[in-house]
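Given chain U, work out where chain H should sit, using these hints.
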Amino acid sequence: MIWWAVLGAGVGCYLLKLAGLSVPARVLARPRVARAATLLPVALLSGLVAVQVLAAPSGAGLVADARLAGLGAAIALLVARAPFLVVVLGAAAVTAGLRALGG
Amino acid sequence: MAEVAGPAGPAGPDGPDGPDGPDAVAPRRPTPERVRAVRRDALAVAVATGTYGVGFGAVSVASGLDVWQTCALSLVMFTGASQFALVGVLGAGGGPLAAGAAALLLGVRNTLYGLRLAPLLGYRGWRRVVAAHVLIDESTAMAIGHEEREVARTGFWTAGLGIFALWNLATALGALGGDRLGDPRAVGLDAAVGAAFLALLWPRLDGAVERLVALGAAAVAAGAVPLVPAGVPVLAAAGVALLVAALSGGRDGSGEVTR
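One line per chain: the protein sequences are U and H, in this order. Heads up: the first sequence begins at 1 in this note's numbering, then just goes up one per residue. Heads up: the second sequence begins at 1001 in this note's numbering, then just goes up one per residue.
Keep in mind that the hints are not guaranteed to be accurate.
As the list claims (entries may be wrong) - Covered stretches of chain U (in silico footprint by chain H; criterion: 3 or more residues with CB under 8 Å from a CB of chain H, positions within the stretch not fixed):
# : region
1 : 5 to 13
2 : 18 to 26
3 : 40 to 53
4 : 77 to 89
As the list claims (entries may be wrong) - With beta-carbon atoms standing in for the labels, derived distance ranges:
#  : chain 1 : residue 1 : chain 2 : residue 2 : range
5  : U       : Leu101    : H       : Glu1147   : 32 to 40 Å
6  : U       : Ala64     : H       : Leu1181   : 24 to 32 Å
7  : H       : Leu1247   : U       : Ala19     : 47 to 55 Å
8  : H       : Gly1122   : U       : Gly97     : 49 to 57 Å
9  : U       : Pro57     : H       : Arg1180   : 20 to 28 Å
10 : H       : Pro1030   : U       : Arg30     : 35 to 43 Å
11 : H       : Thr1031   : U       : Val33     : 29 to 37 Å
12 : U       : Val63     : H       : Arg1040   : 42 to 50 Å
To be verified - One side of the interface only, derived from the structure: several residues of chain U facing chain H at Cβ under 7 Å:
#  : residue
13 : Ile2
14 : Arg32
15 : Ala36
16 : Leu62
17 : Arg67
18 : Gly72
19 : Ala74
20 : Thr95
Because the hints were derived from the structure by calculation, they are not lab data. We put the CB at the ideal spot given by N, CA and C, even for glycine.
Only chain U is shown next, with the shape it has when bound in the complex:
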């Protein structure tokens, strides 16, 4: 089943790129289409952050744990304009440290 998601969505993502280079540009003249396409990544990424940081490991509910501290570290590093890898590793280090301490 995972292979179907990998290959199906992979080919789909390629076709989305190819469509952009191939369809007439007037599709974009419709402001709602352009607006939706701009806002979609914002909403999806934000939703992914929330689920990744708040959903219980069992997937059944919400839980506040060491991941929130990791997210706080990530925000601080982003405000400080740290590079992507530093942000990601910083969040992991803070979370792992708290868990090692029993947090």
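Relative to chain U, chain H alone:
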């Protein structure tokens, strides 16, 4: 691909550096010089972006994909945010359909980039088929803002092909290394994935509407977690973007492609 553009840190085509890129400040330089400048910038972007494929590889195997599936994702899908989304939803227990839908919805922005790049690159036939595969945030950022086709094409291909090579190599290394990482939670990998999504989101939060959509989407997704199967909350969050676009898009009437 992921949205970190340039040595300055997270900044996609919509990011703080804007679509002009750092080398658009001297538009009157002769063409060969501008080609060299854009090639140098694009190489720096390629190295910075390609290397964090290591993070994707490690996260992917920790989410339950095997090394082959992880490498196939970077080869075939080759757009970082969608790849992270797919493995994130699968890792959270979501089904393949929800995971694929999240990846595809995130991939829609590449269509937008393509619409802007098509007249700039001017490719038809097999060149267009190949160019489409490396059409990502960073290659778009390196091409846009140049009036001369030669400069735009150089930026596009240098960033696109450079990242493709490095991203796939780094993915394989990360996947093989992640296999022997041990308990992913003990090393904070779940928080790392959340931080990765946030870093991809960050450069897009430059407007009031975007911030509002981000907050609304996070609230909807979190609120939906106890109510619906894993993977669906993220799709519900996408509904916030569609709703806001439906309510506001007709009024502003600008037809802007990107901010």
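For the range 29 to 37 Å, tell me whether the beta carbons of Thr1031 (chain H) and Val33 (chain U) fit it or not.
About 35 Å separates the Cβ atoms of Thr1031 (chain H) and Val33 (chain U), which means 29 to 37 Å holds.
Status of the Leu62 (chain U) interface restraint (C-beta, 7 Å, chain H):
This hint holds: Leu62 (chain U) lies near chain H, its Cβ roughly 6 Å from the closest one there, short of 7 Å.
Does the closest beta carbon of chain H sit nearer than 7 Å to the beta carbon of Ala74 (chain U)?
holds (4 Å)
42 to 50 Å was suggested as the range; check whether the CB atoms of Val63 (chain U) and Arg1040 (chain H) agree with it.
Holds - the Cβ-Cβ distance for Val63 (chain U) and Arg1040 (chain H), about 47 Å, lies within 42 to 50 Å.
Verdict for Pro57 (chain U), Arg1180 (chain H) (Cβ pair) under range 20 to 28 Å:
holds (22 Å)
Interface hint compliance - Thr95 (chain U) to chain H, C-beta minimum distance less than 7 Å:
The hint holds - Thr95 (chain U) has a Cβ within 7 Å of chain H, the shortest such distance being about 4 Å.
Hint says 32 to 40 Å; check whether the CB-CB distance for Leu101 (chain U) and Glu1147 (chain H) agrees.
With a Cβ separation near 56 Å, Leu101 (chain U) and Glu1147 (chain H) fall outside 32 to 40 Å, so the hint is violated.
Please check whether Gly1122 (chain H) and Gly97 (chain U) have a Cβ separation lying inside 49 to 57 Å.
About 52 Å separates the Cβ atoms of Gly1122 (chain H) and Gly97 (chain U), which means 49 to 57 Å holds.
Answer holds if the nearest beta-carbon of chain H is closer than 7 Å to that of Arg32 (chain U); otherwise answer violated.
With a closest approach of 3 Å, the Arg32 (chain U) hint holds.
Using the nearest Cβ pair, does Ile2 (chain U) come within less than 7 Å of chain H?
Cβ of Ile2 (chain U) sits 6 Å from chain H, so the hint holds.
Does the beta carbon distance between Leu1247 (chain H) and Ala19 (chain U) stay inside 47 to 55 Å, or does it fall outside?
Roughly 26 Å apart at Cβ, these two residues miss the hinted range, so it is violated.
Would you check chain H against the region 5 to 13 of chain U, counting CB to CB pairs closer than 8 Å, and say if three or more residues qualify?
Per the Cβ count (9), the hint holds.
Checked against the numbered hints listed earlier, the structure breaks hints 5, 7, 18; every other hint is satisfied.
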